[in-house]
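K.L.:
Input sequences plus hints: build the corresponding full structure.
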Amino acid sequence: MRNAMATLHIIGNGFDIHHGIASLYSDFREYAWEHSGSDGYWLGQLETCYPTKNKKNGELELWCDLEYALGNIDFQNAFDESTEDIELEEDHEMRFQAQMEDAPKYHLEMMFEAFHGIFEEWVNQIDIDAQPVVLPHFDRNGMFLSFNYTETLETLYRIPKAQINYIHGRRNCNQGLVVGHINNLNGNDFLSEDPMIYEYEAYDNIAEVVNEQQKNISEIISDNAKYWSSLTNIDKIVIYGHSLSDIDLDYFVEIAKHVTPDVQWFFSIYYNNPQERDKEISRVKDFISKLKLDASNCQTFTL
Numbered sequence: 001m002r003n004a005m006a007t008l009h010i011i012g013n014g015f016d017i018h019h020g021i022a023s024l025y026s027d028f029r030e031y032a033w034e035h036s037g038s039d040g041y042w043l044g045q046l047e048t049c050y051p052t053k054n055k056k057n058g059e060l061e062l063w064c065d066l067e068y069a070l071g072n073i074d075f076q077n078a079f080d081e082s083t084e085d086i087e088l089e090e091d092h093e094m095r096f097q098a099q100m101e102d103a104p105k106y107h108l109e110m111m112f113e114a115f116h117g118i119f120e121e122w123v124n125q126i127d128i129d130a131q132p133v134v135l136p137h138f139d140r141n142g143m144f145l146s147f148n149y150t151e152t153l154e155t156l157y158r159i160p161k162a163q164i165n166y167i168h169g170r171r172n173c174n175q176g177l178v179v180g181h182i183n184n185l186n187g188n189d190f191l192s193e194d195p196m197i198y199e200y201e202a203y204d205n206i207a208e209v210v211n212e213q214q215k216n217i218s219e220i221i222s223d224n225a226k227y228w229s230s231l232t233n234i235d236k237i238v239i240y241g242h243s244l245s246d247i248d249l250d251y252f253v254e255i256a257k258h259v260t261p262d263v264q265w266f267f268s269i270y271y272n273n274p275q276e277r278d279k280e281i282s283r284v285k286d287f288i289s290k291l292k293l294d295a296s297n298c299q300t301f302t303l
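According to my numbering, the stretch in the sequence shown is residues 1 to 303, in order.
Just so you know, nobody snuck in bad clues.
Calculated cross-link-like contacts (lysine-lysine; reagent style DSS-like; alpha-carbon spacing at most 25 Å): (1) LYS290 / LYS236; (2) LYS226 / LYS257; (3) LYS226 / LYS236; (4) LYS161 / LYS236.
Here are the in silico distance ranges between beta carbons for each label pair: (5) GLU89 / GLY58: 40 to 50 Å; (6) PRO195 / PRO261: 50 to 60 Å; (7) ASP262 / THR52: 40 to 50 Å; (8) ALA256 / GLN163: 12 to 22 Å; (9) ASN297 / TYR227: 15 to 25 Å; (10) GLU113 / ASN172: 16 to 26 Å; (11) GLN163 / PRO274: 29 to 39 Å; (12) GLU193 / GLN163: 49 to 59 Å; (13) ASN273 / LEU24: 14 to 24 Å.
The set of hints was computed from the structure by calculation and includes no laboratory data. Using N, Cα and C, we set each Cβ at its ideal position, and we do this for glycine too.
P.N.:
Right, here's the structure in full:
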């Protein structure tokens, strides 16, 4: 542990995007469709099971906010897609019922297996052939908590790996990549008003498989106990390109527990027009409120 006060840099995907690195989820979609091969069917199933449109640009929510979307599957679509080829046999009604109950589970398990395979393949090939830029409040001798899988800090800024905690894993190594949602779904909440008898079990199975896509944040926090304890000498926290979404809120809560109450927080914002600027500032203010931070210790800066 350092005795002198230090800066903690929190790195989100916006950091890579700011450097011109193609790490948007829309970049993932483009790569996935170009390289899916036999998994193309499952990619199509993914888009069918998560069809919600983003109000801002009309794109599938899946390719705008992947982790949020993963926790909001369309139960009816998932059920219909997985059972469409099952035919009723009048002499084997029990077998038909069992097939209708079990098919969604196996169907979705194969879909998610294909998704994780192509996702990791995409992450491993992301090109970080970029140039370093001048970053406000950047201290290369500080500590770094990265939510990214890429080694951008190491490659562009020569930050020693020992100073970086890749909280969700680092690509091209033995670490598994953590990607997931935080919802806890109950199949009964998504049944129609007059469900078929087999839909009860089928919807439970859908919820079970989707819930398996959750981030085990409590376990990750527990596994990093020594890291959180090392933050007592932090007097400045700088957040680059993180969405500040509720999915990762618990990590920030843990950080706030271990730093001094008067720590200075700096939040990067990015906007193209005054309306976007207002939304960005509102997003940060909402986060400050959720974390119960002293607003006088918080500032925004443009990235």
